[in-house]
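S.K.: Sequences and hints are given; from them, build the entire structure.
Protein sequences, first through last, are from chains A and B. FYI, the numbering for the first sequence is 120 to 383, going by the working numbering. FYI, the numbering for the second sequence is 7 to 293, going by the working numbering.
Because the hints were derived from the structure by calculation, they are not lab data. Among the hints, erroneous ones may be present.
Claimed, not checked - No farther apart than 27 Å at their CA atoms in a straight line, the calculated lysine-lysine pairs in the BS3-like style are these:
| no. | chain 1 | residue 1 | chain 2 | residue 2 |
| --- | --- | --- | --- | --- |
| 1 | A | Lys-269 | A | Lys-323 |
| 2 | B | Lys-214 | A | Lys-244 |
| 3 | A | Lys-185 | A | Lys-166 |
| 4 | A | Lys-214 | B | Lys-112 |
| 5 | B | Lys-214 | A | Lys-269 |
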Amino acid sequence: MADLIAGAGYSEREQRVVGEPVLRIDGVVKRFGDNVVLNHISFDVRKHETVAVLGPSGSGKSTLMKCVNLLEQVNDGQIWLGDTDITDPHIDQDKTRARIGVVFQQFNLFPHMRVIDNVTLAARKVFGWDRARAEERAMELLKRIGMDAKSREFPDRLSGGQQQRVAIARALMMEPELLLLDEITSALDPLLVGEVLEMVEELKNQGATILMATHEMGFAHRAADRIVLLRRGKVAENGTPHDVMDNPSDPETRAFFHSYRDWN
Amino acid sequence: MSDGKPLDTEVSSIEQEREAFRRHQSMRSVVVSLLSTVAFVMAVGVILNVSPGWPRVREMFFSPEYFAESFPKVLDGLWLNMRVLVYALVGTAVLGTLLAVVRISKSPVLFPLRVLARAYTTIMRGIPMLVVLYLIGFGIPGLGLFGRMDSAVLGTIAVILSYSAYIAEVLRAGFEDVHPSQRASARSLGLTSGQTVRLVIIPQALRKIAPALMNDFISMQKDVGLISTLGAVDAVRAAQIAVARSFNYTPYVVASLLFILMSIPFIILNDWYTARLRKREQTSGMV
Chain A
120 MADLIAGAGY
130 SEREQRVVGE
140 PVLRIDGVVK
150 RFGDNVVLNH
160 ISFDVRKHET
170 VAVLGPSGSG
180 KSTLMKCVNL
190 LEQVNDGQIW
200 LGDTDITDPH
210 IDQDKTRARI
220 GVVFQQFNLF
230 PHMRVIDNVT
240 LAARKVFGWD
250 RARAEERAME
260 LLKRIGMDAK
270 SREFPDRLSG
280 GQQQRVAIAR
290 ALMMEPELLL
300 LDEITSALDP
310 LLVGEVLEMV
320 EELKNQGATI
330 LMATHEMGFA
340 HRAADRIVLL
350 RRGKVAENGT
360 PHDVMDNPSD
370 PETRAFFHSY
380 RDWN
Chain B
7 MSDGKPLDTE
17 VSSIEQEREA
27 FRRHQSMRSV
37 VVSLLSTVAF
47 VMAVGVILNV
57 SPGWPRVREM
67 FFSPEYFAES
77 FPKVLDGLWL
87 NMRVLVYALV
97 GTAVLGTLLA
107 VVRISKSPVL
117 FPLRVLARAY
127 TTIMRGIPML
137 VVLYLIGFGI
147 PGLGLFGRMD
157 SAVLGTIAVI
167 LSYSAYIAEV
177 LRAGFEDVHP
187 SQRASARSLG
197 LTSGQTVRLV
207 IIPQALRKIA
217 PALMNDFISM
227 QKDVGLISTL
237 GAVDAVRAAQ
247 IAVARSFNYT
257 PYVVASLLFI
267 LMSIPFIILN
277 DWYTARLRKR
287 EQTSGMV
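M.R.: Dropping the structure here:
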């Protein structure tokens, strides 16, 4: 597969060099009423790095993703995207959202638009590209994921895996600084999970910066540079897959990974 | 079946028997429905024939001479109804959409408008259409602000005001029915809240509520006949004039017939669209 990250052309060597923090989560607190979902969460995602956020259901993974994408407001702490404090209410939130590519669990393609219009929508409406330019770039992306033949179809004519790949292409369209993947395989037939995960690994190898919440332990172990384990709203572990997943010292962490027997 | 192999035409005796039984069953239902139709028509015919007043009623309502005589005038009047309908349709669509968008908005700036829109839809849906017509038709000219206004224009305004309240509520329900994840997805692409409503929420909502909207449109088609109460010479008023002259009610039947004919294409369109929507919903949803 050719570069999905346009204009990147990251060399093999560059990929190994983990750069500046792209995303800095600093003491983030999120409460729903009396329920503290995120309790002073802090960690970084650096350039070209893939960070997997793991944790049992209800540990705050999804809430954290929503905070990073400004779909939820934090109750304390800061989130930095590059040099921008995105929790600062003075900033243009719409412009900031466009700098982050998001892929959701339920694909969330727009059912009333053809694949090509789904992919080009943000380019045309947020960045003001003309249709020809947007479609050229979109067709390039679709071709690389093998979906160019389906560009005129409506989403409900595609399989779940195909829809999710289109959703990823849509998120990549504007060359986001950060790719946010929120349990993107959880709603897929097990047979279709592979094609989506393959695409994510491809992106990683091309130098994308990825923050993903997932239940695919095997995939996280293989693809992530770092694992952040959330437990009861706090960062329980933050380290390489090897350190966190293979021989954790914490008994609770060990019990958690033990319950997922399939990951190696 | 496209692999070119000849189909196995041998059918087991069990399947043959099932087929025979199904054929028998469907034959039976055709015969039953035929018989019941004939019985119904005969019953109606008998009742009418034994009614002592039927010849008189037939003469009063279904007289061929009066039918032919009043038809051109009533048809002329219907042309006014059609024009009023077109303006009312556009006006209702615009006002109804504005009301619905205000109703679902969350911006604090729009708070007073939101309260107004809510009060408007509540009150307007409660007032009988006829009262709205009188209020607008006789109230506005009474103010003496705009000089003399055509009663058809006033009637159109009244229809718009009344129907936009209904349409606004249907639209609002449709907007709120679009799953929140669609909004999240649009916002995360960087679309503004206005763009999200315009490009993502409204188009999806319209699909879902199209049958309900078309139903309201069909209902509006006949309600434009109410502008006759303000003196506009539409189909109903033309019929009224003809009745007053001849003391025969056939012109009313003419007007009804024309209104029915006008609505049939849209009723067919609505049925077709609803069926298509249902089919689409049943075939999609696979992951």
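S.K.: Please go over all the hints and tell whether each is borne out by the structure.
M.R.: These are the hints, each one checked on the structure:
1. For a cut-off of 27 Å, the pair hint linking A:Lys-269 to A:Lys-323 stands: about 25 Å separates their Cα positions.
2. Between B:Lys-214 and A:Lys-244 the alpha-carbon distance is near 25 Å, which keeps this suggested pair within the 27 Å criterion.
3. With a CA separation close to 21 Å, the supplied pair A:Lys-185 and A:Lys-166 stays within the 27 Å bound.
4. Our distance criterion of 27 Å between C-alpha atoms is met by A:Lys-214 and B:Lys-112, whose separation comes to about 20 Å.
5. Restraint check for B:Lys-214 and A:Lys-269: satisfied, since their Cα atoms lie roughly 25 Å apart, inside the 27 Å limit.
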